[in-house]
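Peer 1: Protein chains in written order, with UniProt numbering: chain A, 1 to 520; chain B, 1 to 456.
Note that these hints are calculated values from the structure, not bench results. Any given hint could turn out to be false.
Derived CB-CB ranges, DEER-like [what the hints assert, rightly or not]:
| no. | chain 1 | residue 1 | chain 2 | residue 2 | range |
| --- | --- | --- | --- | --- | --- |
| 1 | B | 71 | A | 159 | 26 to 36 Å |
| 2 | A | 497 | B | 325 | 16 to 26 Å |
| 3 | A | 21 | B | 333 | 30 to 40 Å |
| 4 | B | 82 | A | 263 | 20 to 30 Å |
| 5 | B | 96 | A | 159 | 21 to 31 Å |
| 6 | B | 327 | A | 333 | 53 to 63 Å |
| 7 | A | 497 | B | 99 | 54 to 64 Å |
| 8 | B | 256 | A | 29 | 52 to 62 Å |
| 9 | B | 327 | A | 497 | 41 to 51 Å |
| 10 | A | 468 | B | 162 | 21 to 31 Å |
| 11 | A | 29 | B | 82 | 51 to 61 Å |
Partial pick of chain B residues on the chain A-facing surface, computed with a CB cut under 8 Å [to be verified]:
| no. | residue |
| --- | --- |
| 12 | 54 |
| 13 | 58 |
| 14 | 153 |
| 15 | 158 |
| 16 | 161 |
| 17 | 184 |
| 18 | 186 |
| 19 | 212 |
| 20 | 252 |
Using N, Cα and C, we set each Cβ at its ideal position, and we do this for glycine too.
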Amino acid sequence: MSLPPFANEPILELRRAGPRQALLDALAAVDARLPLRVPVLVGSEARAGDALTSTDPGDPERVVAHAAAATAADVDAALDAAARGFARWRAVPAAERAAALLRAAAWLRDRRTEVAALEVRECAKPWPEADADVCEAIDFLEYYARGAIALEEGRPLLQVPGEHNELRYVPRGVTAVIAPWNFPVAIPMGMTAAALAAGNAAVLKPAEQSPACGHVVVQALRAGGVPDEAVALLPGDGSAGAALARDPRVQTIAFTGSAPVGLEILRTAADTREGQRHLKRVVAELGGKNCVLVDSDADLDEAVPGIVHSAFDYAGQKCSAAARVLVHEAIADALIERLSGAVEALETGQAGTFGTDVPPVIEREAQERVDRYAQRAAADGRIVARGERPPGGWFCAPVVAADLDPGSPVLREEIFGPVLAVDRVRDMDAAVAAVQSLPFALTGGLYARNPRTVEAVAAQLPVGNLYVNRSTTGAMVGRQPFGGNRLSGTGTKAGGPDYLLSFVEPRVITHNTVRHGLVV
Amino acid sequence: MADARVEVGDPALEEEIRRVGGALAAAFPSAARHPLKALDSRAMDLAAADEELRAALFRFVDVAPACRSLDDLAAHLSGFLDEVGDKPPPIAAAMRMADTGAGRKALGAAAAAGVRHMAHRFIVAETPHAARHLVRRLWHQGVATSVDLLGEATVTAAEADGYAARCADALERLAAIHEDLPHRLHLERDRHGPIPRPNLSVKVSALTPLLRPDAPERGMRDAGARLRELLRHARRLHAHLHIDMESLDSREAVTDLVLALLADDEFRDGPSAGVVLQAYLRDSPQLAERFIGWAGATPRAAPLVVRLVKGAYWDHETVEALQHGWPTPVFDVKADCDRNFEALTVRLLEACRDGAPLRLAVASHNLRSVSHAIAVNRRLGGGDRDLELQVLRGLGDDLQDALATSGFRVRVYCPVGDLVAGMAYLVRRLLENTSNESFLHEQARGIPLEEMLRAP
Numbered sequence: 001m002s003l004p005p006f007a008n009e010p011i012l013e014l015r016r017a018g019p020r021q022a023l024l025d026a027l028a029a030v031d032a033r034l035p036l037r038v039p040v041l042v043g044s045e046a047r048a049g050d051a052l053t054s055t056d057p058g059d060p061e062r063v064v065a066h067a068a069a070a071t072a073a074d075v076d077a078a079l080d081a082a083a084r085g086f087a088r089w090r091a092v093p094a095a096e097r098a099a100a101l102l103r104a105a106a107w108l109r110d111r112r113t114e115v116a117a118l119e120v121r122e123c124a125k126p127w128p129e130a131d132a133d134v135c136e137a138i139d140f141l142e143y144y145a146r147g148a149i150a151l152e153e154g155r156p157l158l159q160v161p162g163e164h165n166e167l168r169y170v171p172r173g174v175t176a177v178i179a180p181w182n183f184p185v186a187i188p189m190g191m192t193a194a195a196l197a198a199g200n201a202a203v204l205k206p207a208e209q210s211p212a213c214g215h216v217v218v219q220a221l222r223a224g225g226v227p228d229e230a231v232a233l234l235p236g237d238g239s240a241g242a243a244l245a246r247d248p249r250v251q252t253i254a255f256t257g258s259a260p261v262g263l264e265i266l267r268t269a270a271d272t273r274e275g276q277r278h279l280k281r282v283v284a285e286l287g288g289k290n291c292v293l294v295d296s297d298a299d300l301d302e303a304v305p306g307i308v309h310s311a312f313d314y315a316g317q318k319c320s321a322a323a324r325v326l327v328h329e330a331i332a333d334a335l336i337e338r339l340s341g342a343v344e345a346l347e348t349g350q351a352g353t354f355g356t357d358v359p360p361v362i363e364r365e366a367q368e369r370v371d372r373y374a375q376r377a378a379a380d381g382r383i384v385a386r387g388e389r390p391p392g393g394w395f396c397a398p399v400v401a402a403d404l405d406p407g408s409p410v411l412r413e414e415i416f417g418p419v420l421a422v423d424r425v426r427d428m429d430a431a432v433a434a435v436q437s438l439p440f441a442l443t444g445g446l447y448a449r450n451p452r453t454v455e456a457v458a459a460q461l462p463v464g465n466l467y468v469n470r471s472t473t474g475a476m477v478g479r480q481p482f483g484g485n486r487l488s489g490t491g492t493k494a495g496g497p498d499y500l501l502s503f504v505e506p507r508v509i510t511h512n513t514v515r516h517g518l519v520v
Numbered sequence: 001m002a003d004a005r006v007e008v009g010d011p012a013l014e015e016e017i018r019r020v021g022g023a024l025a026a027a028f029p030s031a032a033r034h035p036l037k038a039l040d041s042r043a044m045d046l047a048a049a050d051e052e053l054r055a056a057l058f059r060f061v062d063v064a065p066a067c068r069s070l071d072d073l074a075a076h077l078s079g080f081l082d083e084v085g086d087k088p089p090p091i092a093a094a095m096r097m098a099d100t101g102a103g104r105k106a107l108g109a110a111a112a113a114g115v116r117h118m119a120h121r122f123i124v125a126e127t128p129h130a131a132r133h134l135v136r137r138l139w140h141q142g143v144a145t146s147v148d149l150l151g152e153a154t155v156t157a158a159e160a161d162g163y164a165a166r167c168a169d170a171l172e173r174l175a176a177i178h179e180d181l182p183h184r185l186h187l188e189r190d191r192h193g194p195i196p197r198p199n200l201s202v203k204v205s206a207l208t209p210l211l212r213p214d215a216p217e218r219g220m221r222d223a224g225a226r227l228r229e230l231l232r233h234a235r236r237l238h239a240h241l242h243i244d245m246e247s248l249d250s251r252e253a254v255t256d257l258v259l260a261l262l263a264d265d266e267f268r269d270g271p272s273a274g275v276v277l278q279a280y281l282r283d284s285p286q287l288a289e290r291f292i293g294w295a296g297a298t299p300r301a302a303p304l305v306v307r308l309v310k311g312a313y314w315d316h317e318t319v320e321a322l323q324h325g326w327p328t329p330v331f332d333v334k335a336d337c338d339r340n341f342e343a344l345t346v347r348l349l350e351a352c353r354d355g356a357p358l359r360l361a362v363a364s365h366n367l368r369s370v371s372h373a374i375a376v377n378r379r380l381g382g383g384d385r386d387l388e389l390q391v392l393r394g395l396g397d398d399l400q401d402a403l404a405t406s407g408f409r410v411r412v413y414c415p416v417g418d419l420v421a422g423m424a425y426l427v428r429r430l431l432e433n434t435s436n437e438s439f440l441h442e443q444a445r446g447i448p449l450e451e452m453l454r455a456p
């Protein structure tokens with residue numbers, strides 16, 4: 001099978017009225033179907049239930065979905081089914097697996113406005129980002145489909161007379177996918193599609209906040225032709241994820257979420273259980289405390305909007321979001337003044353309203369956590385800008401704090417909300433040192449125009465993704481393979497050329513081709 | 001003549017275009033009158049000849065105002081030049097200078113002077129008040145102006161208020177500057193009646209921090225309040241207010257806002273105001289129809305001025321579309337854009353002929369486009385004074401002289417502001433100047449007149 005080269009799915013041109021109206025229509029259609037029903041899907045069985053409920057963060061009275069919550073028995077059944085599904089799916093040639101993923105992409109493409117609308121409701125993802133999330137899910141399917149075909153070629157090895165060497169990649173087995181709610185279709189789809197592309201079976205445990213979005217992922221894959229037994233849906237809370245991580249039938253765990261949960265998964269995975277004959281592999285993408293460095297020669301016309309987008313889009317609920325600005329002291333006052341004015345101009349509001357800059361955060365607990373950090377920032381420094389907080393949903397006012405006490409937790413801990421801290425630094429060397437002292441290394445930003453400074457910073461920052469003179473979010477599949485280092489993750493790069501390698505085992509087969517002294 | 005039609009490729013029209021273009025070319029000032037510009041042109045040629053060098057020089061010009069010292073300037077310059085593969089001898093010499101402290105200072109000073117010199121070619125003064133001598137001198141020479149206030153991007157409400165206040169002040173200043181100037185009939189009257197002397201161009205993106213491509217109504221609401229005040233000022237001062245068009249991201253907001261405000265009863269008696277039509281946009285003919293329809297349906301004392309331009313954001317629109325996988329909204333081929341420019345010229349002039357309350361201002365440095373507009377206007381029975389021609393300060397100076405001495409109404413778009421705030425503008429103009437396809441470049445290369453006047 002020869003496929004056209006990968007290209008990113010175009011996002012909707014929302015500067016035109018037509019596509020905007022299409023989304024609003026889709027939202028009305030989704031609203032008319034609420035609440036949705038999300039079952040546990042294991043093999044050909046669907047177990048309905050309503051132990052889990054997802055609500056609209058912008059209007060917590062509105063129920064988006066009633067979902068079954070996976071029990072220990074569901075987990076057990078899913079892993080049994082996955083073992084059967086794996087035996088079948090691994091035997092499917094890569095080109096056919098790829099074709100199934102491409103059909104899943106087409107299925108999603110046909111429903112993109114509807115799925116974006118669901119993200120608006122279930123996760124309060126504002127329109128441009130909900131649309132981008134669906135596109136990213138499509139991109140993962142298209143990209144990993146091509147990757148599966150390439151992977152089947154193996155890698156070339158040295159060959160000498162009388163010997164034939166072959167390096168091939170084989171799937172590892174059953175992959176447990178434990179996914180977050182903040183990219184509610186793209187991230188679970190990316191991890192699940194990668195596992196499936198490489199020939200593994202997958203069991204998806206979506207975030208408890210976004211079961212309906214998780215359901216879409218499994219629907220798309222099954223509609224594309226992935227066998228029911230090769231991909232299961234286990235909606236549920238943390239206990240279902242923990243049960244999966246613990247189970248000896250799981251070979252690979254793909255996790256995206258918070259650092260504490262990720263570390264717990266790594267510890268659990270290291271423990272070999274009774275009857276376990278393999279070492280589990282963990283692919284983890286964890287938190288960040290992402291810094292944007294601003295040198296004295298930065299163009300503030302670009303830096304200010306770039307920082308605002310990086311820190312406050314989706315209310316800062318992206319692992320890639322900017323949390324700190326380290327600005328050269330020569331322009332710090334100008335930056336703080338303009339940044340403050342820009343943040344005060346932000347509109348906090350409903351995700352489904354075009355033009356909303358800051359939507360509500362995902363749930364009450366998140367709102368309380370953000371409020372605590374905002375209070376701490378006020379105590380440890382000064383609040384230089386605070387936006388509006390509308391009534392109703394789980395809204396948080398966007399906040400900019402400056403001149404914080406160097407020991408403040410606001411400067412070190414991941415807040416995952418619309419709180420940005422600005423520090424002054426003597427120069428970019430001092431800024432680099434500040435980043436070096438952090439435990440996280442996910443994304444970084446740099447606004448500077450001297451090419452030597454850019455190169456010096458790029459050479460020293462430990463981050464997985466550095467963005468120069470642009471915002472730090474919005475990594476594109478195939479263009480900005482994404483993932484962090486240090487405590488931010490296992491160094492894997494989603495949407496990059498090496499990602500599938502985490503889901504396979506390399507095997508080398510060497511043939512002796514000499515027989516009776518002759519090379520045959 | 002009143003019922004005359006304009007057909008593409010009509011031999012008589014082409015003949016008229018050649019006659020107009022030939023006369024204008026003959027009226028161009030000789031290079032000897034602009035020794036400084038000849039010098040600039042050589043620098044531009046050097047930059048245009050080498051992509052890497054051009055990129056390095058643009059990046060340097062762009063960052064120069066943000067540099068804190070001569071040393072810092074020299075460090076940036078040598079940093080950019082470092083990335084140029086084959087360095088012409090003067091560049092290699094500059095790089096060697098950067099190796100010593102004294103050399104860096106000298107290099108920084110020379111570079112700063114170079115950037116200042118270049119900026120002054122395109123940015124006329126720091127304030128409207130400081131531009132008064134130029135504005136008055138041009139008027140005496142038979143040339144009208146439109147002043148544009150350069151500024152940093154508006155990201156806060158305070159900045160939007162600041163820009164609006166600067167605009168209000170500029171209107172006052174321009175009114176005062178023009179008050180006691182002698183009459184220049186061809187600059188102040190056409191068949192519709194009087195044409196205001198003070199003329200200010202404003203940008204909606206500078207009047208609000210809330211322009212969002214996906215939510216035009218947000219920016220409209222916020223900018224609307226400030227623009228309404230400016231329209232009141234302009235009406236009181238009998239000044240013309242022209243609302244610039246920017247990138248496609250803000251087109252819906254700008255168009256809807258301006259047409260809604262001008263249709264308001266409050267502004268029925270004034271001020272004179274205008275909009276911009278960008279011919280590089282594939283869908284510009286639809287917008288032209290909207291302007292024509294709006295003008296016909298909206299009774300106002302002053303006709304709507306439509307400034308027809310090719311458009312200054314071609315690279316931006318192209319890159320943005322490519323990055324997002326969208327069809328490019330602009331013509332990819334220059335000849336297609338030029339043809340569309342001519343078609344829009346014809347359409348708008350026909351609408352004027354048919355009685356639409358419109359004034360057309362053709363803003364181009366392309367001798368063919370300008371000659372075409374003049375010829376079409378004549379063919380449709382319009383007087384030369386019923387057509388306005390516009391040029392950019394620093395880029396269309398020679399054409400401006402030729403048009404003025406030939407008796408046409410020419411208006412120079414004069415950016416005013418400080419170097420830091422004007423940088424984005426300056427870099428865009430430099431790009432335009434060194435673009436291989438630009439008319440100025442062709443002119444500089446000595447392309448025969450016949451070829452320059454050929455139909456696109």
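Peer 1: With reference to the structure, classify each hint as holding or not holding.
Peer 2: Hints, one by one, checked against the model:
no. : hint                      : result
1   : B/71 - A/159: 26 to 36 Å  : violated (58 Å)
2   : A/497 - B/325: 16 to 26 Å : holds (20 Å)
3   : A/21 - B/333: 30 to 40 Å  : holds (32 Å)
4   : B/82 - A/263: 20 to 30 Å  : violated (44 Å)
5   : B/96 - A/159: 21 to 31 Å  : violated (52 Å)
6   : B/327 - A/333: 53 to 63 Å : violated (44 Å)
7   : A/497 - B/99: 54 to 64 Å  : violated (41 Å)
8   : B/256 - A/29: 52 to 62 Å  : violated (27 Å)
9   : B/327 - A/497: 41 to 51 Å : violated (29 Å)
10  : A/468 - B/162: 21 to 31 Å : holds (30 Å)
11  : A/29 - B/82: 51 to 61 Å   : holds (57 Å)
12  : 54                        : violated (16 Å)
13  : 58                        : violated (11 Å)
14  : 153                       : holds (4 Å)
15  : 158                       : holds (5 Å)
16  : 161                       : violated (10 Å)
17  : 184                       : violated (38 Å)
18  : 186                       : violated (39 Å)
19  : 212                       : holds (5 Å)
20  : 252                       : holds (7 Å)
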